[in-house]
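For chain A, the structure is supplied; the task is to place chains B and Z with the ligands on it using the hints.
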Amino acid sequence: MAVTGAVMVLFLVLHMLGNLKIFLGKDSFNEYAHALRTLLEPLLPYRTVLTVLEVVLVASVVLHMWAAISLSRRAGKARPVKYVAKKSQAAGYTTHIMRWGGVTIALFVVWHLLDLTFGVVNPKGFDSAPADRMIAGFEPSRWWVTLIYIVAVVMVGLHLRHGVWSAVQTLGWANSTRNKVLRLSAGLLSAVLVIGFLAPPLAITFGVVK
Amino acid sequence: MKYTEGPEIRDAKAPSGPIEERWEKRKFSAKLVNPANKRKLNVIVVGTGLAGGSAAATLGELGYNVKSFCYQDSPRRAHSIAAQGGINAAKNYRGDGDSIYRLFYDTVKGGDFRARESNVYRLAQVSVNIIDQAVAQGVPFAREYGGLLDTRSFGGAQVSRTFYARGQTGQQLLLGAYQALERQVAAGTVTMHTRHEMLDVIVSDGRARGVIVRDMVTGEIERHLADAVVLATGGYGNVFFLSTNAKGCNTTAIWRAHERGAYFANPCYTQIHPTCIPVSGEYQSKLTLMSESLRNDGRVWVPLRKNDTRAPGDIPDDERDYYLERIYPAFGNLVPRDIASRAAKNVCDEGRGVGPGGLGVYLDFRDAINRLGRDAVEKKYGNLFEMYERITGENPYDVPMRIYPAVHYTMGGLWVDYDLQSTIPGLFVIGEANFSDHGANRLGASALMQGLADGYFVLPTTIGDYLAAGPFGEVDEAAIAEAELKVRNKIDRLLSVNGTRTPDSFHRELGKLMWDYCGMERTEESLRKALERIPELREEFWQNVKVTGTAEELNQVLERAGRVADFFDLAELMCLDALVRTESCGGHFRAESQDADGEALRDDENFAHVSAWEWGADGPILHKEPLEYEYVKMTQRSYK
Amino acid sequence: MNLTLKVWRQSGPSDKGRMVTYKVEDVSPDMSFLEMLDVLNERLILEGDDPIAFDHDCREGICGMCGMVINGVAHGEQRATTTCQLHMRHFEDGATITIEPWRAAPFPVVKDLVVDRSAFDRIIQAGGFVSVPAGSAPDAHSIPVRKEDADAAFDAATCIGCGACVAACPNGSASLFTAAKITHLSLLPQGQPERLSRAKAMVDQMDAEGFGGCTNTGECTAVCPKGIPLDAIARMNADYLKANAK
Ligand SMILES: Cc1cc2nc3c(=O)[nH]c(=O)nc-3n(C[C@H](O)[C@H](O)[C@H](O)COP(=O)(O)OP(=O)(O)OC[C@H]3O[C@@H](n4cnc5c(N)ncnc54)[C@H](O)[C@@H]3O)c2cc1C
Ligand code: HEM
Ligand code: SF4
Ligand code: FES
Chain A
1 MAVTGAVMVL
11 FLVLHMLGNL
21 KIFLGKDSFN
31 EYAHALRTLL
41 EPLLPYRTVL
51 TVLEVVLVAS
61 VVLHMWAAIS
71 LSRRAGKARP
81 VKYVAKKSQA
91 AGYTTHIMRW
101 GGVTIALFVV
111 WHLLDLTFGV
121 VNPKGFDSAP
131 ADRMIAGFEP
141 SRWWVTLIYI
151 VAVVMVGLHL
161 RHGVWSAVQT
171 LGWANSTRNK
181 VLRLSAGLLS
191 AVLVIGFLAP
201 PLAITFGVVK
Chain B
1001 MKYTEGPEIR
1011 DAKAPSGPIE
1021 ERWEKRKFSA
1031 KLVNPANKRK
1041 LNVIVVGTGL
1051 AGGSAAATLG
1061 ELGYNVKSFC
1071 YQDSPRRAHS
1081 IAAQGGINAA
1091 KNYRGDGDSI
1101 YRLFYDTVKG
1111 GDFRARESNV
1121 YRLAQVSVNI
1131 IDQAVAQGVP
1141 FAREYGGLLD
1151 TRSFGGAQVS
1161 RTFYARGQTG
1171 QQLLLGAYQA
1181 LERQVAAGTV
1191 TMHTRHEMLD
1201 VIVSDGRARG
1211 VIVRDMVTGE
1221 IERHLADAVV
1231 LATGGYGNVF
1241 FLSTNAKGCN
1251 TTAIWRAHER
1261 GAYFANPCYT
1271 QIHPTCIPVS
1281 GEYQSKLTLM
1291 SESLRNDGRV
1301 WVPLRKNDTR
1311 APGDIPDDER
1321 DYYLERIYPA
1331 FGNLVPRDIA
1341 SRAAKNVCDE
1351 GRGVGPGGLG
1361 VYLDFRDAIN
1371 RLGRDAVEKK
1381 YGNLFEMYER
1391 ITGENPYDVP
1401 MRIYPAVHYT
1411 MGGLWVDYDL
1421 QSTIPGLFVI
1431 GEANFSDHGA
1441 NRLGASALMQ
1451 GLADGYFVLP
1461 TTIGDYLAAG
1471 PFGEVDEAAI
1481 AEAELKVRNK
1491 IDRLLSVNGT
1501 RTPDSFHREL
1511 GKLMWDYCGM
1521 ERTEESLRKA
1531 LERIPELREE
1541 FWQNVKVTGT
1551 AEELNQVLER
1561 AGRVADFFDL
1571 AELMCLDALV
1581 RTESCGGHFR
1591 AESQDADGEA
1601 LRDDENFAHV
1611 SAWEWGADGP
1621 ILHKEPLEYE
1631 YVKMTQRSYK
Chain Z
2001 MNLTLKVWRQ
2011 SGPSDKGRMV
2021 TYKVEDVSPD
2031 MSFLEMLDVL
2041 NERLILEGDD
2051 PIAFDHDCRE
2061 GICGMCGMVI
2071 NGVAHGEQRA
2081 TTTCQLHMRH
2091 FEDGATITIE
2101 PWRAAPFPVV
2111 KDLVVDRSAF
2121 DRIIQAGGFV
2131 SVPAGSAPDA
2141 HSIPVRKEDA
2151 DAAFDAATCI
2161 GCGACVAACP
2171 NGSASLFTAA
2181 KITHLSLLPQ
2191 GQPERLSRAK
2201 AMVDQMDAEG
2211 FGGCTNTGEC
2221 TAVCPKGIPL
2231 DAIARMNADY
2241 LKANAK
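Protein chains in written order, with the numbering used here: chain A, 1 to 210; chain B, 1001 to 1640; chain Z, 2001 to 2246.
Take the hints with a grain of salt, since some may be wrong.
Stated by the list, open to error - Here are the computed lysine-lysine pairs in the DSSO-like style, where the Cα-Cα straight-line distance is at most 27 Å: (1) K87(A) - K2006(Z); (2) K2200(Z) - K77(A); (3) K2023(Z) - K2006(Z); (4) K87(A) - K2016(Z); (5) K1038(B) - K1027(B); (6) K1109(B) - K1038(B); (7) K86(A) - K2200(Z); (8) K87(A) - K2023(Z); (9) K1038(B) - K180(A); (10) K1109(B) - K1546(B); (11) K82(A) - K2006(Z); (12) K124(A) - K180(A); (13) K1013(B) - K1025(B); (14) K1013(B) - K1624(B).
Quick caveat, the hints were computed from the structure, so don't treat them as lab data.
Isolated chain A, as found in the complex (with noise of 0.2 Å):
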């Protein structure tokens, strides 16, 4: 869990950065996109380095969802009885969302590829310039995309403020001493994200960037 969140985590932090470049402008944008196409050209074929790092961040995805499954199939199996009355003692919701938090994650991850990746439900298609997809994607008058993506991204600062804790907690680096600056950081890293991510298609959906 600790290892492919870490990776997705990585990922999610360039894909930021990345993303923040249309600020910059739509050619920058694209240049950056057309870039991560031709790294490490012409040592690698066109898109080789990307290819690897999708099959990275898919085998990601996929370890992870299948840790969560086997984790919660082990949760249940080791309480097959369940309390008539349970009530929660420790602080923070964080926490119970963990897993609804993921599913509703993938779902989006799923739409998401659909839309600006695939183009498939992209007002511009598929053959379009990934900026021009990603400022029609949240032109004005689709409000409601921007909305999933707000809802989305909220969701996975939730998911990461007490994951990336979590992960170092799992990986054996927490102690009390330090713990006051894990979670600050762990917040801080997800405030980051929420931020970075949301900033564009807000940007786009309120005519700031066109």
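Relative to chain A, chains B and Z with the ligands alone:
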């Protein structure tokens, strides 16, 4: 109750010669068992407290084939877990003049000259190894900044020889023994039987050869055979119903061994601990000990006037009686347990007690807080204050604690010789279950020491001497069947009465009777009354007890009823023992035997002996084991 | 006080079990929770009913024998308190209280509120010890231990093995219990030689017993009567990963 007197016990098997050499001598003379033979020798150890846990683990390490039993769901929960204060050892790590000889001397004197010198000396010798063993196991004793072990002085000792692990010394030591035990379970040398209650000893051809136990989950009556049996089943303080013992503590194991021929020594020696939380109501199920260390800074007092119902804060200093400081100016609040307990009883009997029913005295930290500051007091006693508040709902930083004495420990138990063997060959008894090395009064932090000395070091040596002659062959089937039948009959009888009173209601009544008539102060009259009343109550019990459910299931009512039945028989013997011993000594205070100041007065002329009682169908038979003091001169204790 | 209790009754391992409602009257606020159940049980016996079976022994919060889920919380809502140390003054007159056993597959119900926790013993058997036969120990002062380490080891060693952590964990994980022992021994010099093999063996045994996996929810430490912190689990994970890397 009628009793007869049998022959004296002349030889407790301690080697002769200089006292420092006796244990060495015994270790050398003990026969060794060939390692290949050990696997063929079966030993049963009943009890997994400090004594039983350490013994079973050590016997397993030595290669014997061990079966271990306890009534809890895990060996780790034995009552030893509750010991708070600490464990003594003559390490002299402080260089404050402690030595094996001094620990020996203090223990003999503290026991009011009713313990054996040879045994106590060995205990003091072995105490040193216990600490080494525990530390190596990872027991997290308190340490100082230099990384070395911390010690404190405890229970009025003038040297600092008590090792401790915050207020949880017993827990940490027991977990050490438990882990060693589980290691042997994994190694296959020990088989563990939890939730099994021992109900009889199998004696065949004059040797203890096994036990009858009840599987407390299925109710099945099982037989387990062996070449030797070790009882480590703890104390019987629960005969008083209310005590600081765990709810399950019982006399069943040792009592039934007594009925099979093991002598019961000094049953009347009971220790009453002065600082416990008082009873708060009829429903009270047990009493909680507050560590004795509180008396280092708390001051004990009651109002000067009788029936003074003012809040403690409203009573000015000149209307308070700090009675321990007044009567014992030299020791003040730090007098030994028996003295502090009796003084509390006396002021309450005068009608000056505080709290519900007037059965309590104040333990006041006001002056300590003023002197040291609240923070310092909190650092020292914070967790104890918290525990007190949790139970009483009162905050001891603002209102003085209320405390009252409660039954805490039983010095009496099955008689054993120097080898810890009872009068039944092959039946060894260790820990609080034997009549121990504490004489008539146990010093603080000495029970843990004794339990572990017995289990880790003494028994594993001495039992080898016995087992060297084994294996002992087939066990007589008739003996097994007879024991099994006896157990079944008792259970059936309990289930068939179907009366109108619960086992607990009888236990409560018996306990109150024992507390009133055979408690902190005993008189001929009170004891005779008790001896009259106990058989009547027992009779009523067998006519009118109600036990629900069946024998073939987890049945906690049945378990309790069986224990109460044995407590009746034990109670009677305790009162008889107390009646016969007309002197006062240690925890046994006979009102008829006191000096001009009201202190306990021994009668060495007539009572410098162990009273070992043999069970007889026509009443008990008393055997006296004379006690001789070659090293420590007998003196009257004085704490003025 | 008058109370309504809804108590899990199950006559044995094969019984399905159900909640049964009892009224208890005249409860004193100074009673402990178990004393309140004692009073009810005394009445049930006299009425010829089977009293409610529950585990308990020391009744002072140290043996770890007691434990029930009270109003959905292991050991009840009072923090850092075992069931036997919980007192009725924390409940309101007229309240309804639900009482259930620890629920976890590796803790099968024996009867009513009594469960079988022997899985914990087996986890200790797997490696929760220092291998040192009696009589073989060097002098206690031959190895100094930093006070901070000794104190931290002690904190972990205070675990009473009650199983509340398992009962509270949404995954039914025994990580806090297992980690407490691993932490206790791994902080001391005496525990070093077996440190990694111990962590591996104990964690593997925990998994083999059928406990769930840890997702760091923190429910365990919140109900733990001894306040064993989640740190312990991080320590266990670190040792476990190291052991597996070898
Ligand atoms: C509250 C309290 C605080 C104390 N503090 C201290 C202290 O600070 N220092 C000190 O030195 N001493 C102290 N003591 C005394 C000391 O704890 C005990 O004397 C000692 O632990 C007894 O150990 P044990 O091994 O003999 O028996 P226990 O620990 O009582 O163990 C008895 C074992 O026998 C088993 N058993 C009993 N009956 C049966 C049966 N019929 N069938 C099967 N199994 C049975 C039980 O399951 C258990 O495993 C304290 C005692 C109390 C009550
Ligand atoms: C694909 C859909 C996803 C599902 C179903 C899912 C589910 C889960 C679950 C059930 C957990 C364990 C619960 C816990 O630790 O409390 C978890 C943990 C975690 N998740 Fe996800 N998640 C998903 C997507 C993501 C994404 C996109 C990221 C990061 C970019 C991520 C990062 C993490 C991290 C870091 C952890 C903590 C790992 C640990 O404690 O070992 N997850 N996830
Ligand atoms: S970690 Fe806490 S809750 Fe779990 S068994 Fe130990 S004391 Fe009980
Ligand atoms: S009964 Fe011992 S901890 Fe509650």
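For a quick check of understanding: which of the numbered hints are violated here, in increasing order?
When the structure is compared with the hints, numbers 6, 7, 9, 10 and 12 turn out to be violated.
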